[in-house]
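S.K.: Residue 14 is where the sequence shown starts when you use our numbering, and the numbers rise one by one after that.
Since the hints were made in silico from the structure, they are not lab data.
Quantities reported herein were computed from a predicted structural model and do not represent experimental measurements.
Using N, Cα and C, we set each Cβ at its ideal position, and we do this for glycine too.
Among the hints, a few may not be true.
Stated by the list, open to error - Pairs of lysine to aspartate or glutamate residues, derived as DMTMM-like cross-links and limited to a Cα-Cα distance of at most 20 Å, are as follows:
(1) Lys77 to Asp32
(2) Lys35 to Asp52
(3) Lys35 to Asp65
(4) Lys58 to Asp31
(5) Lys58 to Glu88
(6) Lys58 to Asp32
(7) Lys73 to Glu55
(8) Lys73 to Glu88
(9) Lys58 to Glu38
(10) Lys37 to Asp65
(11) Lys77 to Glu55
(12) Lys77 to Asp65
To be verified - Cβ pair distances, simulated, as ranges:
(13) Thr53 to Pro91: 33 to 39 Å
(14) Thr69 to Leu27: 17 to 23 Å
(15) Pro51 to His21: 16 to 22 Å
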Amino acid sequence: MARYLCRHRSVGMLRLVDDVAKHKEVLRALGLGYSPPPDTPEWWKTYRAVVDAVRTLEAKGLVKYIASIGVVNWEGRPCL
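Go ahead and model the full structure; you've got the sequences and the hints to work with.
M.R.: Here you go:
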């Protein structure tokens with residue numbers, strides 16, 4: 014997820030969830046066999062996992078999550 018955020022610099026949380034949920038590693042880690050459609054229990058499970066990951070990156074000073082507008086901004090060094 015850090016690579017994605019570094020490349021995109023600023024992204025809405027809902028878009029981030031939808032994009033991240035297309036990666037096989039993420040689906041496998043969440044025990045899902047498919048990319049969940051929006052507003053399903055599986056999608057909300059993915060949403061919570063992404064928010065937790067964003068909060069972890071925020072604690073490390075790599076991103077800034079502006080919950081009031083649902084945007085995640087990359088704050089780390091530029092991507093190589």
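S.K.: For each hint, tell me whether it holds in the structure or not.
M.R.: Outcome of the hint check:
no.	hint	verdict
1	Lys77 to Asp32	holds (19 Å)
2	Lys35 to Asp52	holds (16 Å)
3	Lys35 to Asp65	holds (18 Å)
4	Lys58 to Asp31	holds (12 Å)
5	Lys58 to Glu88	violated (26 Å)
6	Lys58 to Asp32	holds (14 Å)
7	Lys73 to Glu55	violated (27 Å)
8	Lys73 to Glu88	holds (10 Å)
9	Lys58 to Glu38	holds (15 Å)
10	Lys37 to Asp65	holds (19 Å)
11	Lys77 to Glu55	violated (26 Å)
12	Lys77 to Asp65	holds (13 Å)
13	Thr53 to Pro91: 33 to 39 Å	holds (36 Å)
14	Thr69 to Leu27: 17 to 23 Å	holds (19 Å)
15	Pro51 to His21: 16 to 22 Å	holds (20 Å)
Taken one by one, the earlier hints fail for this structure at numbers 5, 7 and 11, listed in ascending order.
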